[in-house]
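Trainee: Sequence:
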Amino acid sequence: MERRKFVKNIFKGAIGAMILSGILLLILSIIMINFDISKGIYSVVYRIIVIGSLVVGGVATAKGNEQKGWLSGALVGVLFFLGAYVVGALVSGDWSFNGGIAYGLIEYVIIAGIAGILGVNL
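Counting in my numbering, the sequence shown runs from 1 upward without gaps.
Quick caveat, the hints were computed from the structure, so don't treat them as lab data.
It is possible that part of the hints are untrue.
Claimed, not checked - 30 Å max Cα-Cα, derived DSS-like pairs, lysine-lysine:
| # | residue 1 | residue 2 |
| --- | --- | --- |
| 1 | K68 | K8 |
| 2 | K12 | K63 |
| 3 | K5 | K39 |
| 4 | K12 | K68 |
| 5 | K63 | K5 |
| 6 | K5 | K68 |
As the list claims (entries may be wrong) - Label-pair distances were calculated between CB atoms; the ranges are:
| # | residue 1 | residue 2 | range |
| --- | --- | --- | --- |
| 7 | Y103 | Q67 | 27 to 33 Å |
| 8 | K5 | F97 | 30 to 36 Å |
| 9 | I101 | I37 | 22 to 28 Å |
For glycine and all other residues, C-beta sits at the position ideal for the given N, C-alpha and C.
With these hints in hand, go ahead and build the complete structure from the sequences.
Mentor: Here is the structure:
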């Protein structure tokens, strides 16, 4: 596989996952403005949105690359994490990196990596 195509597909998958996540989180925010949603429900819906976006990005990337699905997906997870981290840090002003953030990185890489494995085999 051509290296350039491989990298291009990874960026397309990660950006697509970020856009999907952004749109769905915007819809969730609009719903929260109009309805009283508990923190617990918000947390679950937020996780579903992020996991769903990672799965879509990982599968799409792996299908495009047609090989090394775990690597394609894992790299989508890393890029998605970096994008989310930068946006979150810009909004909050907190650039610290702690154990919870490291756990998030590992979680995103594993989820998208598994999605990449599935994507190659679909």
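Trainee: Taking the hints in turn, state whether each one holds.
Mentor: Taking the hints in turn, this is what the structure says about them:
{"no.": "1", "hint": "K68 x K8", "result": "holds, 14 Å"}
{"no.": "2", "hint": "K12 x K63", "result": "holds, 12 Å"}
{"no.": "3", "hint": "K5 x K39", "result": "violated, 42 Å"}
{"no.": "4", "hint": "K12 x K68", "result": "holds, 16 Å"}
{"no.": "5", "hint": "K63 x K5", "result": "holds, 12 Å"}
{"no.": "6", "hint": "K5 x K68", "result": "holds, 13 Å"}
{"no.": "7", "hint": "Y103 x Q67: 27 to 33 Å", "result": "holds, 29 Å"}
{"no.": "8", "hint": "K5 x F97: 30 to 36 Å", "result": "holds, 32 Å"}
{"no.": "9", "hint": "I101 x I37: 22 to 28 Å", "result": "holds, 25 Å"}
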